[in-house]
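Chains as they are written, first to last, in my numbering: chain X, 35 to 387; chain D, 35 to 387; chain F, 35 to 387; chain Z, 35 to 387.
One should not assume that every hint holds.
Identical copies carry no separate label here, and so any pair may be met within one copy or between two of them.
Unchecked claim - With a straight-line cut-off of 20 Å between C-alpha atoms, the simulated EDC-like cross-links for lysine to aspartate or glutamate are: (1) K48 / D284; (2) K140 / D116; (3) K76 / D222; (4) K381 / E290.
Treat the hints as calculated values from the structure; they're not laboratory data.
4 protein chains.
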Amino acid sequence: MDFASDNAGGASPKIMDAIVAANAGFTPAYGADEHSVAAARKLSEAFERECAVFLVATGTAANALALASLTPPWGAVFCHEDAHISDDECGAPEFFTAGAKLVGLKGAQGKITASALEDAVERFPRGLVKQVQPAALSLSQATECGTLYTLAELRGLTSIAHEAGLRVHMDGARFANAIESLGCSPADMSWRAGVDTLSLGATKCGALACEAVIVFDPARADDLPYRRKRAGHTLSKGRFLGAQMAAWLDGGHWRELARHANAMAARLAMGLAEIPGVRTPWPRQVNEVFTVLPAGMDRALRAAGARYYDWGARGLTSMQAPRADEVFVRLVTSFATTPEDVDRFLKVARSAA
Amino acid sequence: MDFASDNAGGASPKIMDAIVAANAGFTPAYGADEHSVAAARKLSEAFERECAVFLVATGTAANALALASLTPPWGAVFCHEDAHISDDECGAPEFFTAGAKLVGLKGAQGKITASALEDAVERFPRGLVKQVQPAALSLSQATECGTLYTLAELRGLTSIAHEAGLRVHMDGARFANAIESLGCSPADMSWRAGVDTLSLGATKCGALACEAVIVFDPARADDLPYRRKRAGHTLSKGRFLGAQMAAWLDGGHWRELARHANAMAARLAMGLAEIPGVRTPWPRQVNEVFTVLPAGMDRALRAAGARYYDWGARGLTSMQAPRADEVFVRLVTSFATTPEDVDRFLKVARSAA
Amino acid sequence: MDFASDNAGGASPKIMDAIVAANAGFTPAYGADEHSVAAARKLSEAFERECAVFLVATGTAANALALASLTPPWGAVFCHEDAHISDDECGAPEFFTAGAKLVGLKGAQGKITASALEDAVERFPRGLVKQVQPAALSLSQATECGTLYTLAELRGLTSIAHEAGLRVHMDGARFANAIESLGCSPADMSWRAGVDTLSLGATKCGALACEAVIVFDPARADDLPYRRKRAGHTLSKGRFLGAQMAAWLDGGHWRELARHANAMAARLAMGLAEIPGVRTPWPRQVNEVFTVLPAGMDRALRAAGARYYDWGARGLTSMQAPRADEVFVRLVTSFATTPEDVDRFLKVARSAA
Amino acid sequence: MDFASDNAGGASPKIMDAIVAANAGFTPAYGADEHSVAAARKLSEAFERECAVFLVATGTAANALALASLTPPWGAVFCHEDAHISDDECGAPEFFTAGAKLVGLKGAQGKITASALEDAVERFPRGLVKQVQPAALSLSQATECGTLYTLAELRGLTSIAHEAGLRVHMDGARFANAIESLGCSPADMSWRAGVDTLSLGATKCGALACEAVIVFDPARADDLPYRRKRAGHTLSKGRFLGAQMAAWLDGGHWRELARHANAMAARLAMGLAEIPGVRTPWPRQVNEVFTVLPAGMDRALRAAGARYYDWGARGLTSMQAPRADEVFVRLVTSFATTPEDVDRFLKVARSAA
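Let the sequences and hints guide you as you build the complete structure.
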């Protein structure tokens, strides 16, 4: 009953098999191997256009490299105030960008609103030297609240951004979960929706340690080989990354893994909805369920061995905030979650209701 | 016949098995898993003292993090002028240290001499504000020329450094090869020889992607958790690193792998020594053979499928430099090199002599 | 009628005379001259303790150097969300600190509240590696709204900060105006109130270009000579800075200049208070008057040659915000403002009422 | 008898008068004042083309800002191994460039040779990701040895640089002394000789604290307003810098000041040449005399109150290096040096011969 995070499981069997298979023999180092080359080709196919691809081992690296490529040191990066890049990466974006400023925007359930973005752009007039200059918009899809922008919302926000001269980054740590939930193509939710650079995360969705920075206009990626090397993120035995990414994409494995994770979360959310005393501040959309539990139920679940994070009151209005006898928690499912895990969790919860 | 680098092979079977075994089930993220904990414990045992350990996926990351922890931005890091940190990491040390200065020292065969270090310390008087301040000495063991400092040489250099108030870093990308060659203990070649922080490389010696920053005085490592996270080098599924390091150390596997690689290089060097027209500017000490080949032999070897790097004239005196009809090359062996590979290479070379 | 800023005037005659007098003859460079030495001594006297003093030419340099000395790159600096360091220095603190994060706190009229600071400290738990670590509190006295913390408020905030392990910076661009208004000693409003490092501004208060970073515990200032040099802020003809600071302090000149500026603002505020249609959202405390003017009056004043900045709605509640036929403006006085300037401004305003 | 540096004197009377005159009244801040505007116009006139001009208070700031504008963080800046930017600015270029690498080239008497530059370019192949990328050439005119490149030498070096895709910086801390000595126009020794960005120093040549970054192609200067602001180098009372630069250029005052300083150095050099036991390793070209003195003469001069720096053996061949009973010293003259100073120095020297 591990619902702590989608990085609590290992790699999917298919991906692990691919790593083992790629291990044999000699290959060129630093990403010139056949596996890395195949991964890049498959990504271009999946996204229906020629992309520049940079594989790395962590999501923080992917995000920070992507942002460094989109903003000068005196730039402002607009993001949600609770975005992972702002709150959970120990200042990696500031480090990689040589000191750019992340400007946190408000919005319910982890989503930036159009008006918040418009206000922000206005607050940083272009050419006003005493202020940092608007450089990029970073959108998380899915968000830190497990919610999704619709394609129309994405296009709306990226239009505002592009008109203001910003380039657009998407933190896609749960990109596969999001396209599965929206039922759209990778291209629709990225470059066709106005995204310039994507951090595509495989790790949370069944890989062991593999993320890609994808630049949709390869002509704007000249700096990234140097940035990646200089950050120590160019693996010498690059096949390790290439094999994961290739296997992840192969035959739609990524969507399959995401579909399963989403389905487990749906099963969990539906079960919880029927338990008295449990309330859910916003609907589940991907593989995360945010829910308010009675304190006693929380204790019973933990006593039964369930693992998950207390979420404080993040993202909640004061009306929704947990009362003294309640806790607000995050439950995350993954490719490795089984229906039995979910059902056992629900059973304990029901007993404690 | 791949002698391009010791990162051209994959992982040793034992290490790959350990990765596969560690893949099962759920574990805490970000290095709190049992594999990472075991790896740290085994490292402390191997080095005969309690160490602070930070696992990362690349040698560049290990070196740059270690240096950032040893120097302020206005510090000077003394290293050999051909050191990997200076010449092969695209400025990673400058990036991680926020702009410290690497000061390249001279010395034959990749080794810094005591007098070069003494001169350097004198050139940067402490308290002279217009100059960067002496902060660290970085020694590569084995060096970029595949040579070794003796333990006495190490102690001599680190004494000079400590007296001058410098802290000492060792780039141990081929540390295991070095202790095997010197026949000494890990402790003897590191903290007992005056090393404060070690970048210990497993990747070149049979791991897939695993290095450790080891701080011998744990009280001086408080900054490193933040530096590593902020650099995107804290893997969420940390078991991947932990499992490799634990398996690498287990039962002396690391020394076994290094011993094999060294032996293959010895076989290669001995074979080459008997071939007319081939000359070797300095003796082989670890798993690298630097040798001057007749141009025709070089062509024959490459035609036969041998892979290795042209080394220009790096490390050679003008007397030793290759003539017009010669090339100076580097041949690297690894755990994955077979005696058959070596013998086939020698056979082609002999035929072309 | 220039009320644009207190940097719109030149230097006071006394200070200019001192610059001219210091110009004669040869002196040692880089701050070893007699004028710089005297300035440091006078500052220690004025602050009633031995201080480490670093003179620079701009307030941005003073603030950014001070902060860099107080936070590691992975630190959080808590400041008011409208603080000069956050909004008006084009990211200088991020540049000098190698990417630390400024966390903007809320509070009416430019003042951080104790509860906002307590909440902030709680939001960044010490040792939680994924987040930047609480490092410093920066207080502006006077604030960007021209308001003042009382000494009790300062002590309250710095106590919270110190208990949480933060060090405290004060942006004293208008420090002299503040002590004059509070009628307290420099020591009372700085180290006795818990300030560790002060940016003391002379430029806005009658100097030409002179600020001091003052570290009250000289043992913690070892890094600053290097930081200043490396930032290009160590003037070779340091006498230029030393002469200004010495003359500014001499015989209470600084307090005299501040007193005059404050008095001119008081005269302006009192005059405006009597004009129908003019409203003032918060009381004047130093040399800045923030006021809402009818749009017609604003036009008349500008037509008459008055210079001042439109302040948008910064610092105002929605109740206080200017209506369509109003503008919210900032009027700043300085040592160079004359009663005649003020009275002429008021006359035009009255006519337009 | 102060020959310590050309920054040991104050400002020339004309320049001080201009500062005083500019002090009156109110002006816009941050370089929008009439004095700064006039300075920029006069610089464009002096250099015979429309330039982008950024005034700052120190040479270190000018150099570091200029370099940051010419190289990415992963760039190599080629300069002489004894260049001021490499040896005397405490790592300012590394700080401002976010960690670019200064690569020191050899060459007698402070001058980079064409072949050293060609070798350097070859050592850093474009596109080899593991190495920093060639980005800029920085030439000091006059050099740290007080020597000059001929215009032909400058053109030769900048041609090599431009062909290799480098942009060219000139450190012109003693630019005025150099054009006076060569008898050429400012344009001839800068953009017509292939210089892209010039650090033009007025401070050492009679100003109080004033330098200009001049970008000859204004289209490539868009980043500099932000870089300067962010570095704390945009003075609020910008008139202080504008007035100095305008007065310095006015009516050829800069060349007049430089001519005097050069003439004083010539007088000194000629006098020394006639004194037995004194030897000069290379001819004087600007306002610096490098000379080997008998130790007794050195003692006599210092006893008589002469101030100047011991220069170790920098720039000397082993044949030229001072013997045990000699010292190698640097004597610098300036606008403030009088013939009487020089003659008194020579008299003491002659007595001690």
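message: As a check of your reading, is K48 near D284 (CA-CA no more than 20 Å) within one copy, between copies, both or neither?
response: For K48 and D284, the Cα distance is within 20 Å only inside one copy (10 Å; across copies 27 Å).
task: Using 20 Å as the alpha carbon limit, work out where K381 and E290 are close: within a copy, between copies, both or neither.
output: neither (27 Å within a copy, 51 Å between copies)
field: Intra- versus inter-copy proximity for D116 and K140 (alpha-carbon distance at most 20 Å)
entry: both (8 Å within a copy, 17 Å between copies)
message: As a check of your reading, is K76 near D222 (CA-CA no more than 20 Å) within one copy, between copies, both or neither?
response: within (17 Å within a copy, 49 Å between copies)
Comparing the model with each earlier hint shows a violation of hint 4 alone; every other hint is respected.
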